[in-house]
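A.B. asks: Take a look at the letters that make up each chain.
2 protein chains.
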Amino acid sequence: MREIFIGIDLGGTNVKIGCFDSNLKLVAKTSIPTQLELGPESIIDRTVQAAENLVLKAGLSVDNICAAGIGSPGPVDIDAGIVIATSNLRFTNVPLRQILSDRLGKPAVLENDANVTCWAEHVAGAGKGADDMVLVTLGTGVGGGIISNGELVHGLGCNAGEMGHIIIYPDGRLCGCGQKGCVEAYASASSTAARAAEAIKAGAQSSLKKLLDEKGEITCKEVFEHVAAGDKLAKEITQDTAKALAILCIVLLHTTGPERVVFFGGMIGAGDLLLKPIRKFFDQYIWTINKEKMELCFATLGDDAGIIGTASLAIHAREQGRLG
Amino acid sequence: MREIFIGIDLGGTNVKIGCFDSNLKLVAKTSIPTQLELGPESIIDRTVQAAENLVLKAGLSVDNICAAGIGSPGPVDIDAGIVIATSNLRFTNVPLRQILSDRLGKPAVLENDANVTCWAEHVAGAGKGADDMVLVTLGTGVGGGIISNGELVHGLGCNAGEMGHIIIYPDGRLCGCGQKGCVEAYASASSTAARAAEAIKAGAQSSLKKLLDEKGEITCKEVFEHVAAGDKLAKEITQDTAKALAILCIVLLHTTGPERVVFFGGMIGAGDLLLKPIRKFFDQYIWTINKEKMELCFATLGDDAGIIGTASLAIHAREQGRLG
Numbered sequence: 003m004r005e006i007f008i009g010i011d012l013g014g015t016n017v018k019i020g021c022f023d024s025n026l027k028l029v030a031k032t033s034i035p036t037q038l039e040l041g042p043e044s045i046i047d048r049t050v051q052a053a054e055n056l057v058l059k060a061g062l063s064v065d066n067i068c069a070a071g072i073g074s075p076g077p078v079d080i081d082a083g084i085v086i087a088t089s090n091l092r093f094t095n096v097p098l099r100q101i102l103s104d105r106l107g108k109p110a111v112l113e114n115d116a117n118v119t120c121w122a123e124h125v126a127g128a129g130k131g132a133d134d135m136v137l138v139t140l141g142t143g144v145g146g147g148i149i150s151n152g153e154l155v156h157g158l159g160c161n162a163g164e165m166g167h168i169i170i171y172p173d174g175r176l177c178g179c180g181q182k183g184c185v186e187a188y189a190s191a192s193s194t195a196a197r198a199a200e201a202i203k204a205g206a207q208s209s210l211k212k213l214l215d216e217k218g219e220i221t222c223k224e225v226f227e228h229v230a231a232g233d234k235l236a237k238e239i240t241q242d243t244a245k246a247l248a249i250l251c252i253v254l255l256h257t258t259g260p261e262r263v264v265f266f267g268g269m270i271g272a273g274d275l276l277l278k279p280i281r282k283f284f285d286q287y288i289w290t291i292n293k294e295k296m297e298l299c300f301a302t303l304g305d306d307a308g309i310i311g312t313a314s315l316a317i318h319a320r321e322q323g324r325l326g
Numbered sequence: 003m004r005e006i007f008i009g010i011d012l013g014g015t016n017v018k019i020g021c022f023d024s025n026l027k028l029v030a031k032t033s034i035p036t037q038l039e040l041g042p043e044s045i046i047d048r049t050v051q052a053a054e055n056l057v058l059k060a061g062l063s064v065d066n067i068c069a070a071g072i073g074s075p076g077p078v079d080i081d082a083g084i085v086i087a088t089s090n091l092r093f094t095n096v097p098l099r100q101i102l103s104d105r106l107g108k109p110a111v112l113e114n115d116a117n118v119t120c121w122a123e124h125v126a127g128a129g130k131g132a133d134d135m136v137l138v139t140l141g142t143g144v145g146g147g148i149i150s151n152g153e154l155v156h157g158l159g160c161n162a163g164e165m166g167h168i169i170i171y172p173d174g175r176l177c178g179c180g181q182k183g184c185v186e187a188y189a190s191a192s193s194t195a196a197r198a199a200e201a202i203k204a205g206a207q208s209s210l211k212k213l214l215d216e217k218g219e220i221t222c223k224e225v226f227e228h229v230a231a232g233d234k235l236a237k238e239i240t241q242d243t244a245k246a247l248a249i250l251c252i253v254l255l256h257t258t259g260p261e262r263v264v265f266f267g268g269m270i271g272a273g274d275l276l277l278k279p280i281r282k283f284f285d286q287y288i289w290t291i292n293k294e295k296m297e298l299c300f301a302t303l304g305d306d307a308g309i310i311g312t313a314s315l316a317i318h319a320r321e322q323g324r325l326g
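Residue numbers (our numbering), protein chains in the order written: chain U, 3 to 326; chain R, 3 to 326.
Please keep in mind that the hints were generated in silico from the structure rather than gathered at the bench.
Being a predicted model, the structure only gives us computed values, none of them experimental.
A few of these clues could be false.
Each pair may be met inside one copy or between any two copies, as identical chains are not told apart.
Each computed DSS-like pair below joins lysine-lysine, with the alpha-carbon atoms no more than 30 Å apart [what the hints assert, rightly or not]:
1) 182 x 234
2) 278 x 59
3) 282 x 182
4) 237 x 182
5) 27 x 211
Just chain U, same shape as in the assembly (with noise of 0.2 Å):
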């Protein structure tokens, strides 16, 4: 019989459904509304129903279903199973494992998002291959994951892979978490977007300044746009956000080592123009008495990471015996 994983990713406006077969070959997939209001077994019935009709509009049966698994926003209690906070779901403690393995009736398995999207990435995108890798998410925050001799690192708390909150500037800019100097008060889209408005209204000139009179505010997206465009400002605002990325990645060579670092989200866009002087502080960063061949890439899989993730961890847990 043709054994069927779901992956399921939950955010805070739609939950992507995917069903894969053993192979991770993508059988089918769809999205739903979340419906935040309706609180978390709402979601998961509606989720497990969505995931059901797929199944059988596949042509197979709910019997196929072997495991599901889904991965969340927040600090996930992974041997328990449990949302611990996140606050654009608004969920507390949310048991959402044993939820979802009532409702399907088959086991799951839980994981907070960037671990998913680096597991991910890991097995089908561009860490694939590569038994110790780093994923960074580059977004209105920067987070990520960490696999290490091919598994993922939760750590104390499930709290490891934090990068955004690595200090790479003592009692430098102040980030949200209360630290300061850390990776995301530097090179997150909105700290980014802050330091060029910063230098702006100190008095910097730019051709974002227009922008920022009418509007009030820039974003991350504008900075690189007016690089392209030949600002002065834009691209000094970007180089130092690929400095504070490059030295992240130093970090990180010294610690876990990885063989690649994986760039993820929506800051990826940029392309070249972010990439470009990553590899280039890097270079100029990193010790001279041992060139690694540590590789520094963007992500492949894009909006199907979630779904892939979580449903190759429901097929790794299987394989090593986790799933109940």
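Place chain R on chain U using the hints.
C.D. replies: What follows is chain R alone, placed relative to chain U:
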């Protein structure tokens, strides 16, 4: 039949050798002079002879020997069992695992010495019970080892865990590795002493000045002694060492998220004079959104860490079916 595992700690001056049972209980130990000038084959010949004598003197037969582990300075290719290079043993590409296994007639494992110490503290010392831990060695340089998910992390080129070369002050003090602003450039014994000497030469008042004038140099131990005696500069220098190590701990917390960071090496002789300010700066610089329970502590095994760690790695490899 009682199974014996040999642990070998290869140093530039002496080779320490321990015989352990399969529960890691020490049966007997000894040491022999390394005599580097005779080359690796002679070192291993004499080491194996000494190990076999130990076993015989303990009333056992060489048939009781199951396997051996050996720890070496320098980068080591774990999969190939080769010491790639080590300046203080003057080895280059020495297949140490095979040489040991051939002489002993039993399987062997090879690991670099910092990882061996990390593993020893993990199984029998200050890191016991912590499946995610980091060891930081504080000596002439700063090094270490990382355990995640209960296994040593080797990373790219077996070069993971080079904690001394994590950059904490980009564009800061030049490190011997070619980078600027490494932990090692601030917090090693030699950097701590060098920073004190530089400050005195630049005109700072200190009770260390007399020593520096007389000997032309000062040591880290002397800096610590003058802190205890109330010298203000010595205290400032030590605070900066502690701050660098505290920032390192925050970096580690946000990377692999260890339950415990264990400091090892000559500098921990300073005791609370060093540990207290490390903890103080850690509490001061760590994020406020999630007060982690990560422990910062000193190693407990001392000189026996090398033989305990190597014997334990041989036992561990046997348990995992990885011995030849």
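A.B. asks: For each hint, tell me whether it holds in the structure or not.
C.D. replies: Evaluation of the provided hints:
Taking identical chains as interchangeable, the C-alpha atoms of residue 182 and residue 234 lie at most 30 Å apart whether they share a chain (27 Å) or sit on different chains (27 Å). Neither within a single protomer nor between protomers do residue 278 and residue 59 lie at most 30 Å apart by alpha-carbon distance, with minima of 45 Å and 64 Å respectively. Taking the shortest alpha-carbon separations for residue 282 and residue 182, both the intra-copy value of 25 Å and the inter-copy value of 16 Å come in at or below 30 Å. Taking the shortest Cα distances, residue 237 and residue 182 sit within 30 Å of each other both inside one copy (24 Å) and across copies (24 Å).
For the homomeric pair residue 27 and residue 211, neither the shortest alpha-carbon distance inside one copy (49 Å) nor that between copies (71 Å) is at most 30 Å.
Of the numbered hints listed earlier, those contradicted by the structure are 2, 5.
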